[in-house]
Structures are given as structure tokens and as C-alpha cells.
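Visitor: Following the hints, position chains B and C with the ligands against chain A.
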Amino acid sequence: MEFDKKSLLKLGKLARISISDDKLNNLSKDLNSILEFVDQLKEIKTDQVDPTSNSLYQKLEVRDDKVDTKNSAEDILENAPEKEMDFFVVPKVIE
Amino acid sequence: MVAQMIEDWNLVIGIEIHAQVNSKSKLFSSSPTDFGSKPNSQVSLIDAAMPGMLPVINKFCIEQAVKSGIGLNAKINKKSIFDRKNYFYQDLPQGYQISQYKDPIVGEGFVEIETENGQKKIGVERLHLEQDAGKSLHDQDPNFTFVDLNRSGIALMEIVSKPDMSSPEEAVEYVRKVRSILRYLGTCDGNMEQGSLRADVNVSVNKPGNELGTRCEIKNLNSFKFIHAAIVYEAKRQIKLIEQGESVNQETRLFNTQSGETRSMRSKEDAHDYRYFPDPDLLPLTLDDDWIKGLQETIPELPDQIKERFINEYSLSSYDANIIVSDKATSKYFEDVVKNRNPKLVTTWVTGELFSILNKKNLIIEDSPITSKQLGELVDNIENGKISNRQAKEVLEEMCESGKGALEIIDEKGLSQISDENEIESLVDNVLNSNPENVKKYKNGKDKLFGFFVGEAMKLSKGKANPKIVNDLIKKKLSQ
Amino acid sequence: MKDSYTLKSLAVLLENNKISSKELTSEYLKNIENGKDLNCYNTISQEKALIDAEKSDERRKSQNLRSKYDGIPIGIKDLFCTKGVATTASSKILSNFVPNYESTVTQNCDDAGLISLGKLNCDEFAMGSTNKTSFFGSVKNPWKSVNSDNELVPGGSSGGSAAAVSGDLCVASLGTDTGGSIRQPASFTGTVGLKPSYGRVSRWGIVAFASSLDQAGPITKTVEDAAILLDIISGHDEKDSTSSVNPKENYYENLNSDIKGMKIGIPKEFRSDKLPASTQKSWDECANLLKTNGAEIVDISLPHTMSALPAYYIIAPAEASSNLARYDGVRYGLRVKGNDLIDMYEKTRSEGFGDEVKRRILIGTYVLSSGYYDAYYIKAQKIRSLIKSDYVEAFKKVDAILTPSTPSTAFEIANEPSDPVQNYLNDIFTVPVNLAGLPGISIPYANDENNLPIGLQLITNSFEEQKLLNVAKNIEETINYSETPEKWWLK
Ligand SMILES: [Mg+2]
Ligand SMILES: [Zn+2]
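Chains as they are written, first to last, in the working numbering: chain A, 9 to 103; chain B, -5 to 474; chain C, 378 to 868.
Bound conformation, chain A alone:
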């Protein structure tokens, strides 16, 4: 079992998803099942293979350094759950 209670909670922290106690068992069962499934790749030899992170083979397209100020602060804040004086507002952060 790769995912026990402790490692699952740690993973949840990293992903910023809280996991309630009643979900822990099922979740660890599911994740272990997925992990077991993907672990079959370990059988395949890939020492001489380069990884591909995108199948599209072309040069990275670039854009010119031009300014385009289409969006106002109101546009950007339109969907914000909490805002004030053109700022996004979050619970107090102590650095």
C-alpha cells in the first residue's frame, strides 16, 4: 500500500485539498488501484528513450513586444468572490 492515511494527508496538503476522515479509506483504495495500474510501466525498458512532453514538433512561436491594454481592473475583478478598492481580497497572510 503506497497510500496510507499519513501519506494521503500529506499529498492533500500539497494539492491544497482537505480530505475528511470518512473519505480516507475509499480514496486510498482508489489511488492504490490507480497506482498499481500505472506501475505496470515499470516492466518496460526505456533507458535509451527520450521523453516527449508535447507531440507537436515545431518551433516555439514568439510575439512582438507590443502592449495591449484591453482589460480594465473591473473586467479582471468581475468574477472575484471578494474584492475591495480594485484589489483581490484574501484572508490575512502573515509572511
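Incorrect hints may have been included.
[As the list claims (entries may be wrong)] Calculated Cβ distances over 12 Å to all of chain B for the following chain A residues:
{"no.": "1", "residue": "Lys31"}
{"no.": "2", "residue": "Leu32"}
{"no.": "3", "residue": "Asn33"}
{"no.": "4", "residue": "Ser36"}
{"no.": "5", "residue": "Glu44"}
{"no.": "6", "residue": "Lys53"}
{"no.": "7", "residue": "Asp72"}
[To be verified] Restraint-style ranges between C-beta atoms, simulated for each label pair:
{"no.": "8", "chain 1": "C", "residue 1": "Ser678", "chain 2": "A", "residue 2": "Ser28", "range": "44 to 52 Å"}
{"no.": "9", "chain 1": "A", "residue 1": "Thr77", "chain 2": "B", "residue 2": "Lys201", "range": "52 to 60 Å"}
{"no.": "10", "chain 1": "A", "residue 1": "Ser28", "chain 2": "B", "residue 2": "Lys201", "range": "49 to 57 Å"}
I should point out that these hints are in silico values taken from the structure, not numbers from a laboratory.
Bear in mind the structure is a predicted one, so any value in this text is a computation, not a measurement.
Virtual Cβ for every residue (Gly too), placed ideally from N, Cα, C.
Guide: Same frame as chain A, but now just chains B and C with the ligands:
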């Protein structure tokens, strides 16, 4: 001074400089990068990480990174990868920063700095492009933090040094030098007050012969003074800990500019796992040789080269040359003035009088009230003997206040020096004839009276007589 | 009459003034209303669609049409951002999100005069193959087994898009396909589903699931309609760095069903004892049919086929875990209050995401985390290289590859397996195509013994959409599949 406080200890310092690319728009979006705009007024859908938004890279930023790499004598990587650095923070809208991890655009290089013990090479590990984060305001409200994304997505060049510095002075010199190179290249404006250039400083201490100590990173230092102070404080703190038998924790710390102390950052307490991986929204960045060559040809003369040229061409001392080339605008100013003039005189007037005026007025040379042409005119009038050095200082001050040219002021004030030998001879005759007693005493061996005659002659000329001619004539007359 | 509606036929009806856009739009809105039980639409744009239809009718009057298809209403998967219209990705976390921008693909549709009827239900963030992961509930397949009255899954993630076309709640729709999300539901609903080559269609403004795999495409009644809609939505987009600079073609105009001399590959690794006999039979029959029509059938091998699904379930979750980090309750979407910032993040994301999305985020976070990155993420990307080169080799020998679209036909909603991996197997035939960035199409071939549609998949080399559509057209013309579901929801 510091060396004494931390005697018996080695300091090991490495620095990460974040230099904002001098671009009009952001690294992956077309939002403007102006400083001091209204909150969230320079934020595109991309910068705010709205669903479905995609990054498109700014060509200019790639060019500036490569130019900077060339300026840092570094290897330009023909293939580089943009990665995502994943972490959650209120000022990081995407939940990841697009940065470069394993394959940066620029590899190893070096810069040379001037130290007490002469030149020293500081290794550069790499330079990579990445996005800046937004800005959080914690003091607007007791219960909330306010977030402004104007900075979010601005292009930064992160320049990582090797841990090659061993004193706060070297660290400051290194940052100064990198800043100077970037400013010469025009890739970063180097404005530290506005945050265009910040330094993260890694400090550790160890006893000579022992293995390296645990390092702490002090984040976001935006002045040379703070860099120095933070390193001194941090070194002393670590030494004290070790001497008390405690150990140094590897951590990120903040420098308090008020108290001059560093403290652990609370929000960074939990260990990070950034889960870097290649950004699937961006393909690998490839540069071809011809393109790099083309950029190479646009690289201007850089401080080290200019310094060498100044020493050869104008016989400047290494010290003076260093001062002049440390800033692009200064060396340009100097070159403008020195053309067809006496380099020594020009050096004195630039690094002496002009600098002290600028200092007093708290001005940078770009905003100098005296243009290079004006200073040149002043130097000309010293060189051709029209005014004395002392008079020139007076003229310079007046130039500063009124903005008038040197000649105009000399004429207005009637300052122009008397260099006509006949005129001066009659002055000298007048003095000698009026003081026959003293002339006798002098001839009998009271040498000190020579100065008296000179002073009287100058007084008589209201200070305008060319002191050299006065000297020569008095010597000649008295020896007759 | 209604069943013969296609993009092509509607264009003719509109042109000959046999119907107005407003009448047509009203008719579809009525169908949607009557088909509410299918749960295809998350948002119905009743008012806006009618206004847009009137505008189209005016354009037609003043001979100022945007395209031949101006005035035809379609459905849009609720993953495309649409200005002023809620875009939820079928997730609670975006349930209140109304973008003030328009995705490139839907803008292209608008530029052609197409009208949006509304936003189609899908699996949450396109993660699923049954549509059961939607926050707004399962979509129901218009098809039912002859032996049972139980409701069937439409497939997923573009389940709403496929079911709506199948049930005449729109004539054509837009879906997205990350591992089979267009082709698998098309197969389950007897519709045509096309996943274009990676880079052929802009991803700008589409809620991202796995950026290196996502691709938008059409779900339609016919191959011709797929070509028409692909013409409208495809092309280079400067706003998407992974958009191909290859010029797009006139797929519809250049459709040519002549396949004489073409070589069609049958990959042995897709054969399986577990494949239903009726599916195997359709596959064999189709190969024979292509042979009869002048193609050569070639046995080929794609040796790494069985590694595709596990590799996909590393890569897609890895990218998703990062792509979905932006849903944090700060700038838009759901926010659940917390004691501090971290608490707010954790509560918002825990309540805002459904179970499958959370599973994938957690797996994705795990495979990228330090100590596991090489063993999982890099390993999977290497496997991807192997799969890609399998296809490169294969396309040196053949023009197109023929496989089943799915390992089964539609199954009962109540019978969804509880083990996530069992669900993942639905995409076993479609996933390799995404990993290799190739175009693939699922077309209905026949119905099985339960009268449920069987889909077959064609695959061609990158950017050979034209060839793909041509072969598909050949099959379509030959078999003339014309089954339609009985409209049980009208009773
Ligand atoms: Mg750093
Ligand atoms: Zn950085």
C-alpha cells in the same frame, strides 16, 4: 571591520539576482509593465489565470536574456525549456510560476569584480527567464490581505551566481557589477528602488578547513546597503548560533530594513515540493546560430572593455577608470567631455566637482544640470588659462544655478584670467616697487617672502592674474 | 423530415428560404425543452439564441451572410469559455463563473454565423467516460437496449455533446477530446466524432484538462458535417503557442471518398478476447468492405499500445493537477471561507471538486512530487515517445489505421464499476491517438444485438485530416448507417 567580528570564520555567499527585463509588455502576455499604476489595471486574462488562457512568449524578452548572457560571458543554450514551478500563493494566479529549471536559456559564465586583493572572478551558474508574481499588501486591513496582480507575469531574468563571494563587500561589488552590465546592455533598467533589480542572498559560515555550513536565503534585498547589512547580520547570527552549540536551520529569511535584522519567513515554513515539469502549453525554445550571431553583433562595449580602453587611451588610473565605467551614463558623459581635451583634467572635474554637485543635489548623471558640452567648455577655459581652477569652481556652481554657459558667466563676472605678460609685469613691478624693504630682506635670504609678493600681485589683479606667470615673473625680477 | 437534418441539409433549407434561422432555432429549443430528461444542457441560451437567429435572418435578407451555414444552431460543450454565458466545466467550483471573453473556437463559429443553443453537460473538467462525474448529474444516452428500460451512459467526457446530437437536441456540437472524450461518446451514441491532430484547433479559451493532449472537435451526424465543422473551427491561432502553423485545408470541399490503392492497417495489439463478438464482427466486416472498395488491408503492429493507458493516467493527471491549481477561490469561482488562506484553499478545493477530479489531482500531484518524478512522469513521457514512434513506423506502411472505437457499447448508468481503473479501460483504444497527437474519428458502423451503436475508429498521420475524412466518408457511403434512437423521453 566585518572581518574582525567574524574572525576565524569563512563566509560563503551566493546570490540570485532577479532583474526585470526592460520590456514594454509582459513575458507571456501583452499587458504593460509600467511602474506605479493603479492596482490591477495592468492585468490581462492570462496574468489573472482565467480558465483557458494560454501563454505566448515575448520575443524581445528572449533577446534580452541572450544579450545578458553574452554580457555575462556565458554559454547560450540553443535549446531551453519552460517549466512550471507549482505552489499555492495568493499572488501566484496560475498556481504555478513559469520558469526554467533543468534547461535554462543561459548556462555558465562569470563576471570580474574589483576587491581589496585585486580582480576576482565570480562564477555565474545560469540565467533563466521566469514570470514575476503579483504583490500582496498586508497592512491595508487588520483581517485581510489585498492582492494586486500588476506585476504578475512581468519578465524576470534570474541570474544565479556560484557561491564564490566571501565578504559582504564582494557581494555588493558583484551585484553592482551585474547591474552595471545589464544597464550597459539596456536589458534591465537596474532601478532597485522600484524593484527592477532585487537580490536573494545565500549565506553560510564555516571554520576554515571545515565543511560548508548550512545556508540561509535572505529574500528580496533591493539596495546595496541592505545587501551589505543583511549579510553582516546573518553571518553574525549564524556564528553566534554555532558558538552556542546550536545549529543553523536551512530556511528562507526576510530582512527588516528598519531594524537591520533577519527573521524566518513564517509562510514558507512547510517544506516545498515544487513539482517542476515542462509547461505543456509551451514548446521547447530553440535558437539558431545565425540569430545568436546577429545579437552578438549588437552587444555594445561593456564596462570591462571600456575600462581597459580608458586606461590605454587616456592613461587613466585603474581606480578612476573603474569609477567612471561603473555606470554607462557616466562613461558616456566622460567620453563626450574628454574628446580632444586633457584626460587628467577631465577626470578630476568629472569624478571630483561634478560628482560632488550631483551628490549634494541627489541627482543621477542623466539628470545632471551641467551637460557634457557645458563641462567641456569649462574645462577648455581652464586649459587655455582663461580662468584658474579656483575660479572654475565658482563658475561651475553658477552654471548649476543659472544654467548659463561657462563663457557667459566668465564674461559677466569679469573672471577671465590675465595672462598678458606685459600687464602682469607692470603689476609685479608695482608690488616690488611698493615694498623695497621686503625685497631687500628677500635678497638677504628670507625666501619665505616669495609668497608674500605673489599674494600681493594676485590681490592687485583681483585674483585674475595667471598665477603661473606671476610666479615666473617675480622669480625672474628678484633674481636680477 | 427532422431526422434528415444535417449541417449540409440545413444550409440548403435556409438558402432556399424553406426555413428561417429563427424557426429552426425555436424548433431545437423546443426539442431541448422536451428532452430535459436527457440532461444534455447545463445552460440553455433561449433568449440569446433567438436574438442571434433573428440577426442571422436579417443578414440573410440583406445578403450579408457570414458563411453558408449562417443561422444554424449548434450546441457547445460546457468547457468552452463563452462571453456572458456561464461556463462551468460541469464543476461546482466554476458553477457561478461567467467569462467576459470568448474561446477562439466558439468565436470561429460565431464568425461563421453559427448560433449557440447553450452549454452541454460533460464530465467534470472533462474527466470521465460516462458523464457521471458532472456536478449537474449524469447525461442519459438517447439509446436504450432492446432488452431493458434502464438508462445508459452516453459516454464521456463530451457525453452531453454526443447525446444532444443523437437525440436531435442540436444538429451538431462541439466537444473536446483528451483521451477519447469525443470519439468514445460518439461511439456510444451512434454519432460521428472527430478528434483533430494536436495543434489543428486552438485551445485558447477552453478550460484546460491536460494541455498536451486536449483538442477540440466536432460531433455530428455525418462525416460531411464533421468536415464542415472542422473547416469552421480549425486553423492557426497566435494566442495558442501549441497551435500548428501548418495551413488548414478545405476539408469539406476536398472530400473524396475514393480509396482505391490506399493501405489500411489493422493493428494486432487492438485484438482481444474480451472484445464483444459484434464489435469484432463489425471491425472485420469493415476491413473487408474497404478491401472491396479498392483499399489494401495490411496487418500492422503497434507494440506499445497496451502501455498507452497507464502512461496516459500519469501524464493527464500530472498536467491536470497543475492546470487546476488556479481554481483557488481567489479571483473567480467558488470560495469557501476558511480560518486563513491555506484553510480557505483546502476547503474551497475540497468542496468545489468532485471525487474523480480530486483523485486525478492527487495522483497527478504524486507523480510529479520529488522522488517519484522520474519513476512516473518521465517514464510515462518516454512511453509516449515509444507510442509516437510506433505510429511513425506504421504510417510508413499504411495510410490509415482501423480499430474499434471502444471495447464495449454503451452500458447502464447503474452499472458503472466502482473501481476507477475499470472505468479508465473505456478509453483503451482512443488514448494512444492523443498521446501521439494524431487525428482520429469514430463513425457508427452498425448496431449490436441489443440495438446499441458500435463505433469504429480511423486514425491517420498528423495533419492528415483530409485523408481521415475521406476514408470515413467511404465507409459511411457504403454502409449507409441510418439507425436512430427511439425518442423514449418524449413519452
Ligand atoms: Mg530562486
Ligand atoms: Zn526566481
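Visitor: Indicate, hint by hint, whether the structure satisfies it.
Guide: Structure-based check of each hint:
1. Lys31: holds, 21 Å
2. Leu32: About 20 Å separates Leu32 (chain A) from the closest Cβ of chain B, which puts it past 12 Å; holds.
3. Asn33: Per Cβ check, Asn33 (chain A) is outside 12 Å of chain B; nearest 25 Å; holds.
4. Ser36: holds, 20 Å
5. Glu44: The assertion about Glu44 (chain A) holds, with a minimum of 22 Å to chain B.
6. Lys53: holds, 23 Å
7. Asp72: violated, 6 Å
8. C:Ser678 <-> A:Ser28: 44 to 52 Å: holds, 48 Å
9. A:Thr77 <-> B:Lys201: 52 to 60 Å: holds, 56 Å
10. A:Ser28 <-> B:Lys201: 49 to 57 Å: With a Cβ separation near 51 Å, Ser28 (chain A) and Lys201 (chain B) satisfy 49 to 57 Å, so the hint holds.
Violated hints amount to a single one, hint 7; each of the other numbered hints is respected by the structure.
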